[in-house]
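Visitor: In case you want the letters, here they are:
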Amino acid sequence: MDLFVKASYAAAQLQDKVISNCSTGEEGFFDEYRIWIMLLSLILAVVSLGWQIFKYLQDRKDHKKDYALSINEGYWHQSVVLPLFIEKFVSSVTQWIDVINNPDKSVDEIRDSFKKDIRELTSRTQLLCTVNEQVRENIRTLLDDIEDCITRYLSDIKESADSKESPPKDKIFAKVEAILKELMQDHQRFNH
Amino acid sequence: MSNEIEIDLAKFGGPVYTGRDRGESIREKNNLDKIDQDPSTNVIILVPDNAFSLNSSFFLGLLGKSIRAAGSREKFLAKFKFKKPPHIEEYIDSGIERALLERTSLLSKN
Numbered sequence: 017m018d019l020f021v022k023a024s025y026a027a028a029q030l031q032d033k034v035i036s037n038c039s040t041g042e043e044g045f046f047d048e049y050r051i052w053i054m055l056l057s058l059i060l061a062v063v064s065l066g067w068q069i070f071k072y073l074q075d076r077k078d079h080k081k082d083y084a085l086s087i088n089e090g091y092w093h094q095s096v097v098l099p100l101f102i103e104k105f106v107s108s109v110t111q112w113i114d115v116i117n118n119p120d121k122s123v124d125e126i127r128d129s130f131k132k133d134i135r136e137l138t139s140r141t142q143l144l145c146t147v148n149e150q151v152r153e154n155i156r157t158l159l160d161d162i163e164d165c166i167t168r169y170l171s172d173i174k175e176s177a178d179s180k181e182s183p184p185k186d187k188i189f190a191k192v193e194a195i196l197k198e199l200m201q202d203h204q205r206f207n208h
Numbered sequence: 005m006s007n008e009i010e011i012d013l014a015k016f017g018g019p020v021y022t023g024r025d026r027g028e029s030i031r032e033k034n035n036l037d038k039i040d041q042d043p044s045t046n047v048i049i050l051v052p053d054n055a056f057s058l059n060s061s062f063f064l065g066l067l068g069k070s071i072r073a074a075g076s077r078e079k080f081l082a083k084f085k086f087k088k089p090p091h092i093e094e095y096i097d098s099g100i101e102r103a104l105l106e107r108t109s110l111l112s113k114n
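The listed protein sequences correspond, in order, to chains G and A.
Numbering-wise (the working numbering), the first sequence opens with residue 17 and increments by one.
Numbering-wise (the working numbering), the second sequence opens with residue 5 and increments by one.
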């Protein structure tokens with residue numbers, strides 16, 4: 017009986033305490049930190065959104081930069097480097113034709129300087145690194161053709177020195193002119 | 005014991021050595037494709053004293069494949085020796101440089 021009375025009393029006390037807690041507005045654990053949790057969630061959401069926006073802008077910027085670079089490289093090589101190279105090629109060959117026409121050096125000296133010039137031009141094709149390999153190979157082949165043509169002519173000059181008869185220039189110059197024309201046509205084809 | 009074979013360019017005309025086709029034809033006649041695969045065989049190339057030039061086109065036709073097979077200037081020159089007049093040195097240097105340049109281009113294509 018005693019036990020029953022004691023239990024009833026304890027239950028009544030607990031009930032009173034709960035009622036009194038509710039009536040005084042005392043908060044539980046969740047209620048106590050609710051504001052902080054909400055604040056933390058909000059901060060995380062803002063940071064995450066900020067990160068996403070940053071990544072998006074960064075990607076867009078990189079893409080724009082790459083695109084601009086690829087346009088600039090193509091433009092640079094097509095409009096500046098290749099024409100400059102071809103100009104050098106043509107002026108070099110023209111200059112050699114002048115030297116051959118009015119030789120003030122021995123044939124051997126002309127041959128050696130010419131060889132050096134052709135070698136330099138061939139090495140320069142490496143600078144045309146973004147130009148199609150076929151275009152570079154065509155240029156090297158044309159340089160070979162010019163080298164063959166002019167060295168054969170120089171050799172003929174040397175051999176004919178004793179006979180005092182000059183070998184015909186017209187044929188060789190016509191051939192060089194044809195090679196230069198081919199080069200210019202290739203260049204125009206490449207540009208369009 | 006290494007074997008040595010001689011290729012005398014005087015037998016193939018001169019004094020101007022030009023044209024890839026001409027070089028390739030001499031290469032074929034001397035079985036250089038086979039010799040490239042044989043490490044025990046060295047080659048001596050005799051360039052006549054009256055040679056006026058040994059142009060890149062001819063040099064690449066004759067030895068371009070061998071240079072690319074050797075992979076480097078040093079390995080190529082260890083297998084192929086040249087007896088030549090001094091002014092031909094420049095042509096050989098230029099030819100080796102060019103063959104290796106073409107090799108790089110071929111590699112970058114793949």
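FYI, nobody ran anything at the bench for these hints, they're computed from the structure.
Possibly wrong hints are sitting among the right ones.
[Stated by the list, open to error] In silico DSS-like pairs for lysine-lysine, Cα to Cα no more than 30 Å straight-line: (1) A:LYS79 <-> G:LYS132; (2) G:LYS71 <-> G:LYS121; (3) A:LYS87 <-> G:LYS174; (4) A:LYS69 <-> A:LYS38; (5) G:LYS132 <-> A:LYS87; (6) G:LYS185 <-> A:LYS15.
[What the hints assert, rightly or not] Far from chain A, by Cβ distances over 10 Å, these chain G residues were calculated: (7) SER57; (8) GLN74; (9) VAL96; (10) ILE134; (11) THR138; (12) THR167; (13) LEU170; (14) ALA177; (15) GLN201.
[Stated by the list, open to error] Beyond 10 Å from chain G on every Cβ pair, some chain A residues (computed): (16) VAL20; (17) ARG24; (18) SER29; (19) LEU50; (20) ALA74; (21) GLU78; (22) PHE80; (23) LEU81; (24) PHE86.
Note that the structure is predicted; figures quoted are calculated from it, not measured.
Think of the CB as a built atom: it goes at the ideal place given N, C-alpha and C, for glycine as much as any other residue.
Visitor: Regarding the assertion that G:THR167 does not contact chain A, is the least Cβ-Cβ distance greater than 10 Å?
Guide: Violated, because the least Cβ-Cβ distance between G:THR167 and chain A comes to about 4 Å, which does not exceed 10 Å.
Visitor: Checking one constraint from the list: CA of G:LYS132 to CA of A:LYS87, max 30 Å. Satisfied?
Guide: Holds. G:LYS132 to A:LYS87 sits at ~22 Å (cutoff 30 Å).
Visitor: Over 10 Å from every CB of chain G: does A:VAL20 meet that, or does the non-interface label fail?
Guide: violated, 4 Å
Visitor: Would you check whether the claim that G:ILE134 is not at the interface survives, using Cβ distances to chain A and the 10 Å cut-off?
Guide: Per Cβ check, G:ILE134 is inside 10 Å of chain A; nearest 8 Å; violated.
Visitor: Within 30 Å, alpha carbon to alpha carbon, are G:LYS71 and G:LYS121?
Guide: Answer violated: G:LYS71 to G:LYS121 is near 67 Å, above 30 Å.
Visitor: For A:ARG24, is the shortest beta carbon distance to chain G beyond 10 Å?
Guide: For A:ARG24, whose nearest Cβ neighbour in chain G is about 7 Å away, the distance does not exceed 10 Å, so it is violated.
Visitor: When you check the alpha-carbon spacing of A:LYS87 and G:LYS174, does it fall within 30 Å?
Guide: holds, 23 Å
Visitor: Beyond 10 Å from chain A, beta-carbon-wise, is G:ALA177?
Guide: holds, 12 Å
Visitor: May I ask you to check that G:GLN74 keeps its beta-carbon over 10 Å from the closest beta-carbon of chain A?
Guide: At roughly 31 Å from the nearest Cβ of chain A, G:GLN74 sits farther out than 10 Å, so the non-interface label holds.
Visitor: At 10 Å, judged by beta carbons, does G:VAL96 keep clear of chain A as stated?
Guide: Label holds. Min Cβ-Cβ 22 Å, cutoff 10 Å.
Visitor: Checking a non-interface call: every C-beta of chain G should be farther than 10 Å from the C-beta of A:LEU50. Is that right?
Guide: A:LEU50 is indeed farther than 10 Å from all Cβ atoms of chain G, at 19 Å.
Visitor: Are all C-beta atoms of chain G more than 10 Å from that of A:PHE86?
Guide: Nearest chain G Cβ is 17 Å from A:PHE86, so the label holds.
Checked against the numbered hints above, the structure violates hints 2, 10, 11, 12, 13, 16 and 17; every other hint is satisfied.
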